[in-house]
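Spelled out, the chains give:
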Amino acid sequence: MHNVFARIFRNATPYWFLLPGLFILGTLLSVPLYKVVEYSLYNNVIIESAPTFVGLQNYTELLSDSSYYSALLNTAIFTVGSVIGHLVIGISLALLVNADIHPKARTLFRSLLILPWIFTAVVVALIWQLMLNPFGVVNYALKAIGVVQNPLDWLGDPGLAMWSLLLISTWRGYPFIMVSFLSGLQTIPDELYEAADIDGANFFHKFWHVTVPQLKPVIYGVALLDLIWTFQLFPLVWLTTGGGPGRTTEVLSTLTYRLAFVDFQFSKASTVAVTILLISAVFTLLYLFNETRRANN
Amino acid sequence: MKRNIPAIAATMLLAFASHSNAATNIEWLQWFAAEQNAEFYETLVDEFEAQNPDITVKLITQPFGKVRESIVTNRAIGVGSDVLGLNMPWTSEFLELKILEPLDKYLEQDGNGFELEKLVQAPVGKIDGNTWMLPLNAFPFAMHANMTLLKQAGFDTPPTTWAELKTMAVAISELGEGISGIGMPFSSQPPSNGPILTFLPLLYTAGGRIMDGTTPNFDNPQVVETLTFLQDLNVSGAIAPGAASRTGGVDLEEFIAGRTGFLISPSVHAAAIVSRNSELEYQLVRVPTLNTKAYRVHGWELGIAADSKHKEEAWKFVSFLMSKEVNGRLSVVSSALPGNLEALSDINNSDPIFVAQREILENDESVEELRLAPKAVASWSLMTEEIQSMLAGDQSPEEAAGRVQLRWLNLIKK
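For the protein sequence lines, the chains are Z and S, in the order given.
The opening position of the first sequence corresponds to residue 1 in my numbering, with each subsequent residue numbered one higher.
The opening position of the second sequence corresponds to residue 1001 in my numbering, with each subsequent residue numbered one higher.
No wet-lab data here; the hints were simulated from the structure.
Note that CB positions come from ideal geometry on N, CA and C, so glycine has one too.
Among these hints, one or two may not hold up.
Partial chain Z-side listing against chain S, Cβ under 7 Å, derived [stated by the list, open to error]:
(1) 47
(2) 135
(3) 136
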């Protein structure tokens, strides 16, 4: 018996080392999660010392609130649009920087193209606000080439604000896709491309019939990850448009923040946060399912 | 020596413990030190502690945008500060949340460093029969004028009426690319307070108000008249393009850079304008009037947390900050007028900006409505959105006023 325990203890040693970290991480993740769900079942949390338990009332009220659906639609548009932009730009640039050019030039381009990724959301928001200002460099350039006559309010025009956000988000988010795709490209055997060359395939044939099938699992995986991250994105939207003008760029994350810290409606904010959690959980399960299937294959 | 070390250590521990037990620790949550000379505020704390060795003050400094949230959330988890830096528009919601301690019994005490009647009165007016905050300083909303652009447009003096403002702003806008008559910060970005920076000061010069007691009253003739004036300015080309994405910060920066003719904002911004662009020919004047010489009064306020465990000590610190000598020094450092008006006589300041502020303070009607405004901070977002829609031509001033009123009342009901 003593030997059994000794063997168990010996084999469990790595897990003992992990335990403190797992405990702290688990606490930091699970306690806020529990509290948000709890808050969503009460009224007047935080602002009253004895909030009232209301069950699912906050959820039924939310489901009849038009501002929630508006934010949900904006979130869907922003998320899908951003992910498509990230994929198109990221994959295109990955193919370009994977070209057979001078190694130093390749390194230079890869370093430059990854720069948007290293800026924080605050810096990105400030840079783009200045560039998209009516008197900013974007309007100046467009006016110089005759595309516009008068300066456009890119972030203040309801018809342009979401497009501007998508542009900013695409600019900031493509490096992750580019790097992931680039590393995947290194794993494709050259023989496949050589065989395609022999068969007379051009660039697009090779891309569509060799590159994409080989990297489909990678594309699917990073797209799902990007979907999860972009769905919850808050700083970029809040710092560029604040959800405006006229709530045309209000997404679920900014709605949550506004309800909590502008309106002090913490119960309603928690309810919105739980819906974000549930939707994100669906995406996460899809991602895990994909990864499991990849591992089994 | 070795044999004495444990004894020395024990003695030191006992001394420390006894000192810790004797001194009461209070916290002062504010944003003042973040926007100005932080060392000055630390010096004030040191001075107070020297005069009151049984009280220690911990300075908690946060950006302005975080203080309001922190007051509410810290209180919820029981870690709130004792002395609070406050903003008058927060009053109504803080009273609803029972965050503030009534100050009346402290004001009646003997030995206070100031007299209530000698303070700027806007923040001290009673609500529900009590006084809830005191004015650390005060600054009127005013208009900053770029005299260089004004002279280039053919004018010698800043406007004094709405009609003159429109004429001069339009003329300045026609000076060239990138130059605008006046900026209007109606961005939805937080704190989306454009309406209270620009719209309210103009409204008060028309004798208008947005409140009827404690009830929102946004759809009234003076509000519509002021909104119509804004729309007229916009249609005339006087307002800088991009009002719907322009924040107060950008508005100020554009003025400092010399690209805007006029800026309506707190007069305390004069310090930043002068220090950041000393070559700007600049003048501070009252907001152009329609029919009333009135100004929106603003300032930094002090209050005591209702759940503070050291209210008496907190009051001693507040009383210290409100005393004539300290308040006077605070006024000079913050480039604002003192909350304790007795300090005015001691401030030897012939600076034209200070003189202009004082002239407005002493001669014009002061107006402060947001103390009584329910859900004041959230209401600014509503005003901003409806004004955005109005300036875009999607609704009339009457419709904008009506929509703000309706949405504001619905917000209060929630």
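Here is how each hint holds up against the structure:
{"no.": "1", "hint": "47", "result": "holds, 5 Å"}
{"no.": "2", "hint": "135", "result": "holds, 5 Å"}
{"no.": "3", "hint": "136", "result": "violated, 9 Å"}
In this structure, the one hint that does not hold is number 3.
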